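As given, the protein sequences belong to chains A and B, one line each in that order.
Numbering (this note's numbering) for the first sequence: 1 to 188.
Numbering (this note's numbering) for the second sequence: 1001 to 1439.
Read the hints as simulated data drawn from the structure, not as lab findings.
No experiment lies behind these values; they were computed from the predicted model shown.
Worth double-checking, as some hints may not be accurate.
[Stated by the list, open to error] List time: in silico DSSO-like cross-link candidates among lysine-lysine, alpha-carbon distance up to 30 angstroms: (1) B:Lys-1185 to A:Lys-175; (2) B:Lys-1102 to B:Lys-1134; (3) B:Lys-1102 to A:Lys-175.
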Amino acid sequence: MIRSVTGSTLFRLALMGVATASLAACATKKPMPIRNDPPPAQTQAPPRTELPPAQPGVTQLPTGALPGSAQDFVVNVGDRVYFDTDSHDVREDAKPLLDAQSTWLRRYGSVAVRIEGNADERGTREYNLALGARRANSVRDYLVAQGVTADRIATISFGKESPVDSGSGEASWDKNRNARTAIVSGAN
Amino acid sequence: MTRTLRNPANRLRVMLFALIWAVAALTLVRPAHAEIEVNVNRGDVQPLPVAVPAFGGAQGADIAQVIAANLQRSGLFRPLDPASFVEKNLTAAVQPRFADWKTINAQALVNGQITVEGDKLKVDFRLWDVFQEKQMLGLQFTSSPENWRRVAHKISDAVYERLTGEKGYFDTRVVFVAESGGRGKIIKRLAIMDQDGANPSYLTGGDSIVMTPRFSANSQEITYMSLRPESSSIFLFNLETTRRESLGAFAGMVFAPRFSPDGGKVAFSVERRGNSDIFLMNLSSRTSTRLTSDPAIDTSASFSPDGAKIVFNSDRGGSPQLYLMGADGSGQRRISNGGGRYTTPVWSPTGEFIAFTKQTGGEFHIGVMRPDGSDERLLTTSYLDEGPTWAPNGRVLMFSRETPGGPPKLWTVDVTGRILQPVPYPGAGSDPAWSPLLN
């Protein structure tokens, strides 16, 4: 939209410029008797400052994520909370997000979720499976305490098998210690 | 490793022998005598120089090469360069010219002859003590021609056993998890290969994440874990019949399976509401017994070779440590007592050690300790070493090693920690499980 408005304005300005130039050309080329009339071109100059202001563009997009959809949950609530090293305690900074998850899940009561626990690569495979299971259950317990019915929540652990960040280093490990609430059914 | 080879004509060797004799008398498993003997318990002695010239007949060079590579990787032997050999075209039918082999200081000589009769491959080989000028072993193997690598492995085992007094481990296979696809989208497939990395093939298709395969100690059967987003399962898989069956459905996750030494039971972990405990299933009755009930993580159970005890991993004390209990769950007590985090305990086939993964600071180690927790020794150090498995003779451990950002690779280390090397398998692999000796 914005582009087309701008384009037509330029076009209009360009046309006026051509008109001005041609009038000026007429004034100089034709063998006319010398008179004291002011050159018509001056009175016909384009009234630049009087042009109507360009209309602001209108952007069209679909309305936001369908309420109650998996996309709504991921975009507007957030599906992942993070944990400290070797810990499965729900962190203080994770609680607002989990509160929002439970609010959303109570509003959309037919949605079933699976909480997937994850661990970073700084541990061995089997212990990390058990650790991921603990994290998934911490989130489950939190949501249940907030009023989400337990039979809507399944849990699984991916241990260190499903890192969200494939790097090696503290920043990557911080991201890979998490629990993700995945919607499995019942969403819009 | 001890070389106890006597040659009266060589004063230096006599002196060396006298020196080694004093050590060997204390450490040798069998009574030392005048012939070559290699002590697997010592990690600080030079490997024994051995000559393995090309066997006579078709594929004779290939067989010799496989034998030499096996002996070399054990770290106990140093195969000599065939270019240095003086006597050429040796056959098993004629006594070697010992002087020619003494010249290059070969202590032992392995030679042989291959004959193909119809669809049969026959391999005669002899092991010679060069300086004693005596045959130490002479055997004939018959198989099919395409099976020549296994014949080479069996000869390697025979040589190893004759010279060390202990069973070999070359005619074995390794089941492992072959990884492909790169980090973040890894495809994990169960795979099997010879212990030297040859003949790799896939056992599963990669549609689920497979982990932690383990061999039965007395059959060609494995158990492993399969993980899908919906659930986890433990499978039994017979490599000979290719029959695959699930251990059954459980409430909660199941993982960390391992056979009892008689193959009749599987110990495994069941996770319920975040709490992982160890259970034991009788495979004939399909009934399960709960062995632990601590609210902490209890996992990675591994039996003592007599089946009476189980070592396992628990963080009931606040960090992951190694614990011991009776096979009925009785008498649970902690055995690891160093600083750091201990996981993946696995009892050696001989019973004398428990291998484990240890995490200290930013490093991982493969280590061994006595079953009472004493004599802890760390054998490796790296960014990430994990999941040791024992060769059937209890002398070598295979494990997986990762560098930061890199794919896991399979490595071996001997129990003294001296001989650390990558497995000659080119791909990425993790969770190795060493088979018992093949029949």
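Now for the hints, and whether the structure bears them out:
Between the alpha carbons of B:Lys-1185 and A:Lys-175 the distance comes to roughly 16 angstroms, so the proposed pair stays at or under 30 angstroms and holds. For the suggested pair B:Lys-1102 and B:Lys-1134, the alpha carbons sit about 13 angstroms apart, so the restraint of at most 30 angstroms is met. Taken as a hint, the B:Lys-1102 and A:Lys-175 pair is broken in the structure, with Cα atoms around 63 angstroms apart against an allowance of 30 angstroms.
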